[in-house]
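A.B. asks: When you get a sec, could you build the whole thing from the sequences and use the hints?
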Amino acid sequence: MQTEITIETSGQGLYEFTREAERFVTGAGVETGILTIFVRHTSCSMLIQENADPDVQRDLHEFFARIVPENMEWLRHTQEGPDDMPAHIKAAMTQVSLSIPVARSSMLLGTWQGIYLFEHRRAPHSRKVVLHISP
Amino acid sequence: MQTEITIETSGQGLYEFTREAERFVTGAGVETGILTIFVRHTSCSMLIQENADPDVQRDLHEFFARIVPENMEWLRHTQEGPDDMPAHIKAAMTQVSLSIPVARSSMLLGTWQGIYLFEHRRAPHSRKVVLHISP
Amino acid sequence: MQTEITIETSGQGLYEFTREAERFVTGAGVETGILTIFVRHTSCSMLIQENADPDVQRDLHEFFARIVPENMEWLRHTQEGPDDMPAHIKAAMTQVSLSIPVARSSMLLGTWQGIYLFEHRRAPHSRKVVLHISP
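Protein chains in written order, with my numbering: chain V, 247 to 381; chain C, 247 to 381; chain X, 247 to 381.
Since the hints were derived computationally from the structure, they do not count as laboratory data.
Watch out, some of these pointers could steer you wrong.
When chains are identical, the list treats them as one kind, so a pair holds in a single copy or across two.
Claimed, not checked - Below are the SDA-like pairs computed for lysine to any residue, each with C-alpha atoms no more than 25 angstroms apart in a straight line: (1) Lys-374 <-> Ser-352; (2) Lys-374 <-> Asn-317; (3) Lys-374 <-> Arg-350; (4) Lys-374 <-> Leu-321; (5) Lys-374 <-> Ile-251; (6) Lys-374 <-> Met-318; (7) Lys-374 <-> Arg-265; (8) Lys-374 <-> Thr-255; (9) Lys-374 <-> Glu-319; (10) Lys-374 <-> Leu-355; (11) Lys-374 <-> Trp-320; (12) Lys-374 <-> Arg-322; (13) Lys-374 <-> Ile-253; (14) Lys-374 <-> Phe-263.
C.D. replies: Structural data, given as structure tokens:
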């Protein structure tokens, strides 16, 4: 009913884990319920977005890089590197948790919906994501 | 305990469906629980906002139109029209799912809270929204 | 399984209530489940962010103040004060609800994650937040 997965990231961008989530839901044996996805970090976030054209993911990444640039000279929290405070801001503008309905032991995602970890840091990170199914 | 509703949209803006959600909650016969609302699309989103003054909804729409304009020349994903990639970005900046507590078979919304589908595309669309009640 | 807490605010910024949430979870006696947090207002919001360096909270507040300034001359909803419509916009850009997994009767927060009410109004307010645990 609950598990934790690790997603290894190697720089900013979107990392899809729809298949890992689907595998957990199938294995949990819950017919109808809610899958909760929660990321245990404050400098990356969760996102459901189109998984057909990779350009969508690149454009999403670039939009957030442009609206939260690294060189905002008024930032105070800068000791962890120029990408750290922008990472917190981008995380605040997206999601820390997602709630996805399950029916017939499968997520009710739309045709083009993929589940992503949105990494906002430049350095590689091991990201912990909790998956939980409620009836 | 779970249903899917369709919301017909006719252009960008907010479409309230608080009453449809309340009707589902009343009919489900769950005294205390959580209503999960999930939209099965990536170019519209979910929003809880003030339902008293319609100007709030217009200003929200205009803010997002200004901060994610259609003419960003650096966008790559443009083959589905100038409003498509901005729609994905606006959806990423708002919500795909909402979790609303239920007590005495009624949603615990605040006095001014209404539930909206936020349509980000210009053309009419049929939008699928899943409603699910957990105890 | 469900309670409502009140958070008194005295101006814009982040108000942490991680300890109040943890106390509720401990008292509920649910081993494994989901804590849902829902704010019953449209001019403040919910946020999980770093609770180590207070500068992170100040920078978050300042970023949103800069990206949603009070003097946008095109706003229509202005009769409740210059900070009201920006408050609705900032609430729309962040969260109204959070879903946090619980294991061994404790929230599965990451090391640096704190739970905050993000107040977007200048005047003092009493904010109602519902906490609910599902199995």
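A.B. asks: Hint compliance check: list the failing hint numbers for this structure, sorted ascending.
C.D. replies: 2, 4, 6, 9, 11, 12
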